[in-house]
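A.B. asks: This is what each chain is made of:
Number of protein chains: 2
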Amino acid sequence: MNKEQLFNQIKLKKSFLCIGLDSDNSKIPSHLQYANDPVFEFNKQIIEATHHLAVAYKPNLAFYEANGIKGWNSLERTAQFIKSNYPELFLIADAKRGDIGNTSDMYARAFFQNMPFDAVTLSPYMGFDTIQPFLHHKDKWAIVLALTSNSSAVDFQTNCKNQSNDMLWQQVLFTSKDWASTDQLMYVVGATKAEWLRKVREIVPDHFLLVPGIGAQGGSLKEVAINGMNKQCGLLVNSSRGIIFASNGLDFASKACEEALLVQTEMAGYLEDFGLLSDQA
Amino acid sequence: MNKEQLFNQIKLKKSFLCIGLDSDNSKIPSHLQYANDPVFEFNKQIIEATHHLAVAYKPNLAFYEANGIKGWNSLERTAQFIKSNYPELFLIADAKRGDIGNTSDMYARAFFQNMPFDAVTLSPYMGFDTIQPFLHHKDKWAIVLALTSNSSAVDFQTNCKNQSNDMLWQQVLFTSKDWASTDQLMYVVGATKAEWLRKVREIVPDHFLLVPGIGAQGGSLKEVAINGMNKQCGLLVNSSRGIIFASNGLDFASKACEEALLVQTEMAGYLEDFGLLSDQA
Numbered sequence: 001m002n003k004e005q006l007f008n009q010i011k012l013k014k015s016f017l018c019i020g021l022d023s024d025n026s027k028i029p030s031h032l033q034y035a036n037d038p039v040f041e042f043n044k045q046i047i048e049a050t051h052h053l054a055v056a057y058k059p060n061l062a063f064y065e066a067n068g069i070k071g072w073n074s075l076e077r078t079a080q081f082i083k084s085n086y087p088e089l090f091l092i093a094d095a096k097r098g099d100i101g102n103t104s105d106m107y108a109r110a111f112f113q114n115m116p117f118d119a120v121t122l123s124p125y126m127g128f129d130t131i132q133p134f135l136h137h138k139d140k141w142a143i144v145l146a147l148t149s150n151s152s153a154v155d156f157q158t159n160c161k162n163q164s165n166d167m168l169w170q171q172v173l174f175t176s177k178d179w180a181s182t183d184q185l186m187y188v189v190g191a192t193k194a195e196w197l198r199k200v201r202e203i204v205p206d207h208f209l210l211v212p213g214i215g216a217q218g219g220s221l222k223e224v225a226i227n228g229m230n231k232q233c234g235l236l237v238n239s240s241r242g243i244i245f246a247s248n249g250l251d252f253a254s255k256a257c258e259e260a261l262l263v264q265t266e267m268a269g270y271l272e273d274f275g276l277l278s279d280q281a
Numbered sequence: 282m283n284k285e286q287l288f289n290q291i292k293l294k295k296s297f298l299c300i301g302l303d304s305d306n307s308k309i310p311s312h313l314q315y316a317n318d319p320v321f322e323f324n325k326q327i328i329e330a331t332h333h334l335a336v337a338y339k340p341n342l343a344f345y346e347a348n349g350i351k352g353w354n355s356l357e358r359t360a361q362f363i364k365s366n367y368p369e370l371f372l373i374a375d376a377k378r379g380d381i382g383n384t385s386d387m388y389a390r391a392f393f394q395n396m397p398f399d400a401v402t403l404s405p406y407m408g409f410d411t412i413q414p415f416l417h418h419k420d421k422w423a424i425v426l427a428l429t430s431n432s433s434a435v436d437f438q439t440n441c442k443n444q445s446n447d448m449l450w451q452q453v454l455f456t457s458k459d460w461a462s463t464d465q466l467m468y469v470v471g472a473t474k475a476e477w478l479r480k481v482r483e484i485v486p487d488h489f490l491l492v493p494g495i496g497a498q499g500g501s502l503k504e505v506a507i508n509g510m511n512k513q514c515g516l517l518v519n520s521s522r523g524i525i526f527a528s529n530g531l532d533f534a535s536k537a538c539e540e541a542l543l544v545q546t547e548m549a550g551y552l553e554d555f556g557l558l559s560d561q562a
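Chains as they are written, first to last, in this note's numbering: chain A, 1 to 281; chain B, 282 to 562.
Honestly, the hints are just simulated from the structure, not real lab data. It is possible that part of the hints are untrue.
Pairs of lysine-lysine, BS3-like flavour, derived with a Cα cap of 30 Å [to be verified]:
#1 A/LYS70 x B/LYS308
#2 B/LYS364 x B/LYS351
#3 B/LYS295 x A/LYS70
Have a look at the derived ranges for each label pair, beta carbon to beta carbon [as the list claims (entries may be wrong)]:
#4 B/ASP447 x A/ASN230: 30 to 38 Å
#5 A/GLU223 x B/SER365: 50 to 58 Å
#6 A/GLU272 x B/HIS417: 42 to 50 Å
#7 A/GLN113 x B/GLY530: 25 to 33 Å
#8 A/GLN80 x B/ASP420: 35 to 43 Å
#9 B/PHE455 x A/GLN113: 57 to 65 Å
#10 A/GLU4 x B/ASP447: 55 to 63 Å
#11 A/THR158 x B/GLU285: 31 to 39 Å
#12 A/PRO116 x B/ASN440: 44 to 52 Å
#13 A/GLY249 x B/ASN289: 47 to 55 Å
#14 B/GLY530 x A/ALA35: 44 to 52 Å
For glycine and all other residues, C-beta sits at the position ideal for the given N, C-alpha and C.
Isolated chain A, as found in the complex (with noise of 0.2 Å):
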């Protein structure tokens, strides 16, 4: 999937929404403990009820790896459903991987080739060797992590500043924004730093943005939209436990549904405001 194909999705659902699949095994409703493989029904379930409403979903790798072969079983089962039913939403393995070529490479076959995913999410530490591999793949994104949601971001990211006064994570935006088009390149920018993207847009204007910390982790959409939102959108705006965990009943599903269609609708509204949905009309 390319940048316009992308937008024309979130044109068409009016909706940024990335629904991060972080199924903790723990906290999957008890009634569904008894399925065969509980974290693939969970997510069928969940997917099911939100396809509408979301134009990405993002399983973090780490949440299946803890259950072992059964999770990753779990994970190829989830990608794969999500492309034979729904081809046109946007996959991302949030899997923070970042090693060196050859390493990569393996990397990549593992989530591009025997998984149908459309993007993963990178650390940019070890440099340019770490993100090539996975840009020889046609239509395939790298997503690098530049400024992220958590506390402890400040231990480098931004308490690391350079001569002139720039922090690692601008760093980082200078230094790898030419390393591939913006059809193939994204990063990671936390929405607890909504007053932040103005910066991230001035060195990247056109890049798209994969915004984690809104609901569970306390950023705002709002300043989300008005400081990140280029004339492509340039924002897939991530909730996971938010959506995916408001109820732990019967009725999880139609509560995830429910959460995704407040943030639907207020996305809806930001894309209206700012004459994106035009075109549309």
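For chain A, the structure is supplied; the task is to place chain B on it using the hints.
C.D. replies: Chain B in isolation, oriented as in the chain A frame:
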């Protein structure tokens, strides 16, 4: 395993060799391709042929994830095989993970509870949150990337300098060295930067260092020993392809043993030179 126990193993085996199990399925000898699980069979024979010469083994997760569920199964079997047969070996998951609190918890569970790894390699980009959950596991280690051996390590690790002219990798050491004791915290420092090991030792004189980059990547073991060794050795030097793919014929395991013996013999000499074997005399 704590630092003292690791040093005791080093003295006992006169070796600080870590063998990297970068067991790329496409490079495994053809006669093993008929086994039920060729990667596990390969690893098993490599380990049986070399375990007396190495103190550590380090599967790189990418090579297992590239094979999906089957690969994850090979990884679990390899880890179990090592700890069942050679519990004294130090087992490193070369995963280069790096995510925030609740997610890192999941990764720690995957490697330390579901599998018997002693250590996991981690990227420092997201700060202390990334490392902390791993430290809650007694006698388990976080191995933090500092200065890696790949060519694009310059992009950020050395090119990003602060007002005091400290490079990013130095700032990582300064900031993180007190996050945990030297019984739980280790650093990755590439052998291809052996002349910088002296600078590393100025900041972290007592920490163990995991040093990749000798062998196929061209680093010098002698330079590493001269510049990096401390009074408890403080080094685990990794070789992957140079040992495990020394031959791709029927003799692959015995050839791996020969290569490992060459490295171990050289290591024994340095340990002797530095007077670290005296209490074994």
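A.B. asks: Are the hints correct? Go through all of them and say.
C.D. replies: Structure-based check of each hint:
1. This hinted pair checks out: A/LYS70 and B/LYS308 have alpha carbons roughly 27 Å apart, not beyond 30 Å.
2. Of the pairs offered as hints, the one joining B/LYS364 and B/LYS351 holds, with about 20 Å between alpha carbons and a cut-off of 30 Å not exceeded.
3. Distance restraint check for B/LYS295 and A/LYS70: the Cα-Cα separation of roughly 40 Å exceeds the 30 Å cut-off, and the hinted pair is therefore not satisfied.
4. Judged by the Cβ atoms, the range 30 to 38 Å given for B/ASP447 and A/ASN230 holds: they are separated by roughly 35 Å.
5. Range check, A/GLU223 to B/SER365: Cβ separation about 53 Å, and the 50 to 58 Å hint holds.
6. The hint said 42 to 50 Å for the Cβ distance between A/GLU272 and B/HIS417, and at roughly 47 Å that hint holds.
7. Between A/GLN113 and B/GLY530 the beta carbon distance is about 29 Å. The supplied range of 25 to 33 Å therefore holds.
8. Between A/GLN80 and B/ASP420 the beta carbon distance is about 39 Å. The supplied range of 35 to 43 Å therefore holds.
9. The supplied range of 57 to 65 Å is broken by B/PHE455 and A/GLN113, whose beta-carbon atoms lie about 41 Å from each other.
10. Distance hint check: the CB atoms of A/GLU4 and B/ASP447 are about 43 Å apart, inconsistent with the given range 55 to 63 Å.
11. Taking 31 to 39 Å as the suggested C-beta distance range, the pair A/THR158 and B/GLU285 conforms, at roughly 37 Å.
12. Taken as a hint, the range 44 to 52 Å is violated for the pair A/PRO116 and B/ASN440, whose Cβ atoms sit roughly 36 Å apart.
13. Judged by the Cβ atoms, the range 47 to 55 Å given for A/GLY249 and B/ASN289 holds: they are separated by roughly 54 Å.
14. For the pair B/GLY530 and A/ALA35, the beta carbons lie near 47 Å from each other, so the given range of 44 to 52 Å is met.
In terms of the numbered hints stated before, the structure departs from hints 3, 9, 10, 12, listed from lowest to highest.
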